[in-house]
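Chain B: place on chain A using the hints.
Read top to bottom, the protein sequences are chains A and B.
So the working numbering is basically just the index in the first sequence, starting at one, shifted up by 650.
So the working numbering is basically just the index in the second sequence, starting at one, shifted up by 650.
Since the hints were derived computationally from the structure, they do not count as laboratory data.
Among the hints, erroneous ones may be present.
Identical chains blur together in the list; that is why a pair holds if it fits in one copy or across any two.
Claimed, not checked - Under the rule of at most 20 Å between Cα atoms (straight-line distance), these lysine to aspartate or glutamate pairs were calculated in the EDC-like manner:
1. Lys696 to Glu795
2. Lys775 to Glu664
3. Lys775 to Glu764
4. Lys775 to Glu786
5. Lys866 to Glu764
6. Lys775 to Glu844
7. Lys696 to Asp663
8. Lys866 to Glu659
9. Lys696 to Asp715
10. Lys775 to Asp802
11. Lys775 to Asp828
Protein chains: 2
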Amino acid sequence: MTPIITAFEASPDEGQGLARDMPVRWAFEEVGQAYDVRLVSFAAMKEAAHRARQPFGQIPTYEEDGLVLFESGAIVLHIANRRPGLLPENADARARAIAWMFSALSSVEPVVVEREIAFFTERDKPWYAERVPMIEARIRARLGELSRYLGDAEWLDGAFGAGDLMMVTVLRRLSDTDLLEAFSNLAAYVARGEARPAFRRAFEAQHRVFLAASGKA
Amino acid sequence: MTPIITAFEASPDEGQGLARDMPVRWAFEEVGQAYDVRLVSFAAMKEAAHRARQPFGQIPTYEEDGLVLFESGAIVLHIANRRPGLLPENADARARAIAWMFSALSSVEPVVVEREIAFFTERDKPWYAERVPMIEARIRARLGELSRYLGDAEWLDGAFGAGDLMMVTVLRRLSDTDLLEAFSNLAAYVARGEARPAFRRAFEAQHRVFLAASGKA
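Isolated chain A (complex conformation):
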């Protein structure tokens, strides 16, 4: 059976590929696995049928032959475990690539997403203007550490892999800011990720959903 994932019927990111179906689509493209997409509305996401697959009422989910998964990181890892292309054969290198996946989601993403949470929930508060620089200082500190580690390497640990896929995905959330500008190696790293043919195919696929939803296709 072709795996089926869920994605936003109308993504709040307006087709920028920042929703969490993007890393899953990208992973499918990297390993050459066909997939189907079921689009869900915001209302449907919060209903019991979807919550049975995703307890937190979010996308994406993954279904194949009776297996139901959620969490983009877990789905990308599952895809990477089933087909070659995203994880090295060598067991140690494989463990390190998986460590970078966790790192992207646990050590970098929460720092980055705090800025978005503040915007969505506090931008009308009197303290917002003072809080944003505090949040951005934490983002810069984390980016500085990542930048020093990456140095002039092309990818985080040898060849491109699932860890890079997740890290580039997380860093792309800063695309509409100038926060990456001070770290030219990270900006170039993100650009290398976005230039991959598999990324382009995934991006176009999710962008077509936005165009259709907005009546532009």
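Using the frame of chain A, we list chain B on its own:
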């Protein structure tokens, strides 16, 4: 070679088992794997030698036969992949257990940790008193979703596994609050985790480090 992990020489949690070496110690105990611990000071954590192992200058790290890993989630998964006890044999059940690990770290922990970040960085700010209830409302919403999913089940997906280990670890960060009280099934779930002999052994091991550091042992 016996794996070596790093842990705080003087944990800021004062031996409550809330530092990130705790889930790794717990995983070792669940699978019956002996391990060594190298304690690091706050100063040493930020030095180049440690950052070569952990780019963000944090604990824990994991070293064994030339393999160096970081990220508690990745280390727990590595331990679980090497020895039976934390992941089911069945491939689908295994993928679901891993999904719960990602869920604990990506969907629950950032919401929970936001409260701690606010305390450490904003408790002297005029807006702190108004922000805390906003943060706690988000924590309650997430706990409510998890509570509805868990229902009256003992663990998240069948037998106790790596997903439960990470989820209980994350929920324990709320131990000093009353936020779990409204969700009696989650409070009982955490208590079941803490009652496991492997948890107790891990807890005692990290607590002895605190006692020694504070001159109480």
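Do the hints match the structure? See the list:
1. For the identical chains of this complex, lysine 696 and glutamate 795 are inter-copy neighbours only, at 10 Å across copies versus 37 Å inside a copy, given an alpha-carbon limit of 20 Å.
2. Proximity of lysine 775 to glutamate 664 under the C-alpha cut-off of 20 Å is found in neither arrangement, the shortest distances being 26 Å within a copy and 35 Å between copies.
3. In this assembly of identical chains, lysine 775 and glutamate 764 lie within 20 Å of each other by CA distance both inside one copy and across copies; the values are 15 Å within and 18 Å between.
4. Taking identical chains as interchangeable, the C-alpha atoms of lysine 775 and glutamate 786 lie at most 20 Å apart whether they share a chain (17 Å) or sit on different chains (17 Å).
5. Taking the shortest alpha-carbon separations for lysine 866 and glutamate 764, neither the intra-copy value of 32 Å nor the inter-copy value of 39 Å comes in at or below 20 Å.
6. With identical chains, the CA atoms of lysine 775 and glutamate 844 are never at most 20 Å apart, being 35 Å at best within one copy and 40 Å at best between copies.
7. In this assembly of identical chains, lysine 696 and aspartate 663 lie within 20 Å of each other by CA distance solely inside one copy; the values are 19 Å within and 37 Å between copies.
8. In this assembly of identical chains, the alpha carbons of lysine 866 and glutamate 659 lie at most 20 Å apart only when taken from the same copy (14 Å versus 59 Å across copies).
9. Neither within a single protomer nor between protomers do lysine 696 and aspartate 715 lie at most 20 Å apart by alpha-carbon distance, with minima of 24 Å and 47 Å respectively.
10. In this assembly of identical chains, the alpha carbons of lysine 775 and aspartate 802 never lie at most 20 Å apart, being 41 Å within a copy and 40 Å across copies at closest.
11. When the C-alpha separation of lysine 775 and aspartate 828 is checked against a cutoff of 20 Å, the pair qualifies neither within a copy, at 23 Å, nor between copies, at 27 Å.
In summary, the numbered hints that this structure violates are 2, 5, 6, 9, 10, 11.
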